[in-house]
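Chains as they are written, first to last, in the working numbering: chain A, 1 to 250; chain B, 1001 to 1254; chain C, 2001 to 2290.
Don't take every hint at face value.
Distance ranges between label pairs, derived from CB positions [what the hints assert, rightly or not]:
id : chain 1 : residue 1 : chain 2 : residue 2 : range
1  : B       : 1102      : A       : 187       : 40 to 50 angstroms
2  : B       : 1004      : C       : 2222      : 49 to 59 angstroms
3  : B       : 1102      : A       : 31        : 18 to 28 angstroms
4  : C       : 2223      : A       : 169       : 36 to 46 angstroms
So the derived list for chain B, only partly shown, Cβ under 7 angstroms to chain C, looks like this [claimed, not checked]:
id : residue
5  : 1010
6  : 1023
7  : 1026
8  : 1029
9  : 1059
10 : 1060
11 : 1063
12 : 1082
13 : 1083
14 : 1125
15 : 1128
16 : 1129
17 : 1130
Derived from the structure by calculation, the hints contain no laboratory data. Where is the CB? At the ideal position from N, CA and C, for every residue including glycine.
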Amino acid sequence: MSGLRLTEGSRGLAASVAVEGAPLTRTQVPYVTGSSVLGMKCADGVVIACDTMASYGTLARFKSLSRMHQVSPNCILGVGGDYSDFQQLQTMVDAEMTAQYVANDGLTLSPKAIHSFLARHMYHRRCKVDPLWNTVIVAGFDKGEGVLSLVDLFGTAFSSDVLATGFGLHLGLPLLRNAHRPDITVAEAKGVLEDILKVLFYRDARTNDVVQLASVTAAGVEIGKMTKLKTEWGYKSFVEGARVGDDSSW
Amino acid sequence: MTSIGTGYDLSTTTYSPDGRVFQIEYAQKAIENSGTAIGVSCKDGVVMAVEKVVVSKMLVPGTMRRAHLVDHHSGVVISGLISDGRQLATRARDECSSYKSVYDSPIPGHVLAERLANFAHVYTLYAYVRPFGCAALLGAHDDINGYQLYLVEPSGVSYRYFGAAVGKGKQAAKTALEKLDFKTLTCREAVKELAKIIVDVHDETKDKLYELEMCWVCEESKNKSQLVPQDLVDEARKAAEAAQDDDSDMDDDE
Amino acid sequence: MFRNQYDTDITTYSPQGRLHQVEYAMEAVKQGSASVGVRSKTHVVLATLKRFASELSGDQKKLFAIDDHVVIAISGLTADARVLSRYMRTETQHHKFMYDEPMPVGRLVLQVADKCQISTQRASKRPFGVGLLVAGVDENGPHLYQTCPSGNYFEYLAMAIGARSQSAKTYLERTYTTLAEAGVEELIQSAVTALRETVASSKDTELTTKNTAIAIVGTDGSGMRVLENAAVQPYIDALDAASPASDDEEEDGDGDNAAAAPAAAAPDAAAGEAAPAADAPAEGPADMQT
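Bound-form chain A, shown alone:
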């Protein structure tokens, strides 16, 4: 018998390859990864932001990849984690939206439904121990209100006023919480998110300084161009580094 065989079974498993005698294994580490996505719900919509780097391990492999995907006229995704899994997600979501289009009955999926759809798929894959290695932020605007929800590779799904993925979960989320007010506007929030991206660029080695912001409002989805952050490297602590005996870095 040859050492490699295609596994039997249902569609999704067909491509999995197992070594004879060894247990079947699937994705155990992500390869090309995107880092942070930030999201904030505002009085008049939702804003999300990401940088545009995709790392291969610690190598800054790609530096102008969009990690946003428009799903419908009032819904977008911002995705962190494995980039090829993100591409797979796009294919899947696009196929679903095509099915909605051809039904041609005046109905489509709301941002809430899209979030649920993603959550079901992510949980399904995790139960097959073959997860799509992503954290997905769903941003939408429906019935006069912003929608901001998250799904991760385990299928954990929830909504919140502020959301972050990747390194942003550690460094960005407290800043987002501080900045958030129920009456904050989209325009204001864009400034806040850009500032936080700057902090992330300073501190997270998997983040670059070319970023993309997107908003979803009553007017629809607006995905901004990739722009370069204005950064300042002259801060004293940046230049001088840590003091002797200080446990912190800089």
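Please build the complex by placing chains B and C on the supplied structure of chain A, with the hints as guidance.
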């Protein structure tokens, strides 16, 4: 040779002594009993129209769809058994999405037509299924081949057309289609021409109420398949009916 | 009894392009007792006539709740209806699980109709011998659909199926235009009145609290509710107050055969299936059918 009573016409797996498969011909009969469907491939797009006989005035307008979108760039219009037609449309959708997932580009019209014809053909081969009682006009657009119109028949053949007609009034409709100049005709004009043809071939004495349903893929729709906006269809139909009234008035005068 | 050699096999077309087995399945719907559906801008109401297999038995089910927002009334083979209703329940639950939203009614009906079509094209299964009236609400408002064994489905403003449904249809065709603006009570009353038309010519049947069941679905978020037994009384009382229907009903005289055949077959004529001629079966409660 006559078919009835010979016993050679009871199954698709039976040839008659002179080499015909009568069950396929009977399936085509089912289409000939149904509302006329016509399509044109013209200068800036494909337009298809179908006459939907309305069985009750209590129906909600627009129900009993005969025009189905199958992908962003293609649609089918069904003549014959509506429920069989939905099965074809569903299969077309599956083919579109599987092509997309393999090649990451929209399925070209001729590929879709061939796959759909293959699907229909399978139903002519076995005794435990019957052929489809419907024909599908297929309109599609792709960047290489431009606008395409195909007719897929229950026998499993499909041909590309400039103008095609199936259903009750197909003979008269074909004659009318032959008078059109497909090279210069625009979709806007085609909507009016198709409405006129449907209005003309419609048999008022047999089916009183009918709806006109149209589907197009054209420059105006940004190469997306969609139902032709209802106001355009209504306007075209009204104009066609007015023209018909004028004609009959003239006939009366003579 | 056999009409011709083309009518015993699902996969055989007649020389005219008709499918007799499918047409016969359509006849099974007419064997069942009547179901009526009406729709306003805010509500859908179903009214059904329940039959009893015997004096000592309970009634056979006519209404099946599918989800909070969908309910069906059935005419034809009850056992087949149960298969379809279980399918519909599964599908609505699946939709809710997948999208966290109630399933649009039209999408549900489309799936049921597609399921029905499959068994009209394969020799291995007979077509479903049941017609459904599906009442439901979704984002686009209230909907009333009819599905057929042939795999056809239609959206209606008002419709009746089952035995002697032609009388109810005749009544509805006269009144349906006024229903769009009707209130719930008025809507229920017109459904019951239409239902009464199906028993108006019968000497031994009349609408009672025992044999009448009503279902209501509204867009006000109140979900679906069913009225049975005592709850039906007011609507039956109101019928008696109004003039008896048989007074103005000319085509009721000879039972359902003459009246029901052309119209009940009409939906399929649209799909190219010509109406079956006479042999509409004799009226009478068959145990399998409600």
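Going through the hints against the structure:
1. 1102(B) - 187(A): 40 to 50 angstroms: holds (44 angstroms)
2. 1004(B) - 2222(C): 49 to 59 angstroms: Taking Cβ atoms as reference, residue 1004(B) and residue 2222(C) lie about 58 angstroms apart, which means the hint holds.
3. 1102(B) - 31(A): 18 to 28 angstroms: Since the Cβ atoms of residue 1102(B) and residue 31(A) sit about 23 angstroms apart, the hinted range of 18 to 28 angstroms holds.
4. 2223(C) - 169(A): 36 to 46 angstroms: holds (40 angstroms)
5. 1010: Cβ of residue 1010(B) sits 6 angstroms from chain C, so the hint holds.
6. 1023: holds (6 angstroms)
7. 1026: It holds, given that the least Cβ distance between residue 1026(B) and chain C is near 4 angstroms, below 7 angstroms.
8. 1029: holds (3 angstroms)
9. 1059: holds (6 angstroms)
10. 1060: holds (4 angstroms)
11. 1063: holds (4 angstroms)
12. 1082: Result: holds, 5 angstroms to nearest chain C Cβ.
13. 1083: holds (3 angstroms)
14. 1125: violated (12 angstroms)
15. 1128: holds (4 angstroms)
16. 1129: It holds, given that the least Cβ distance between residue 1129(B) and chain C is near 6 angstroms, below 7 angstroms.
17. 1130: holds (4 angstroms)
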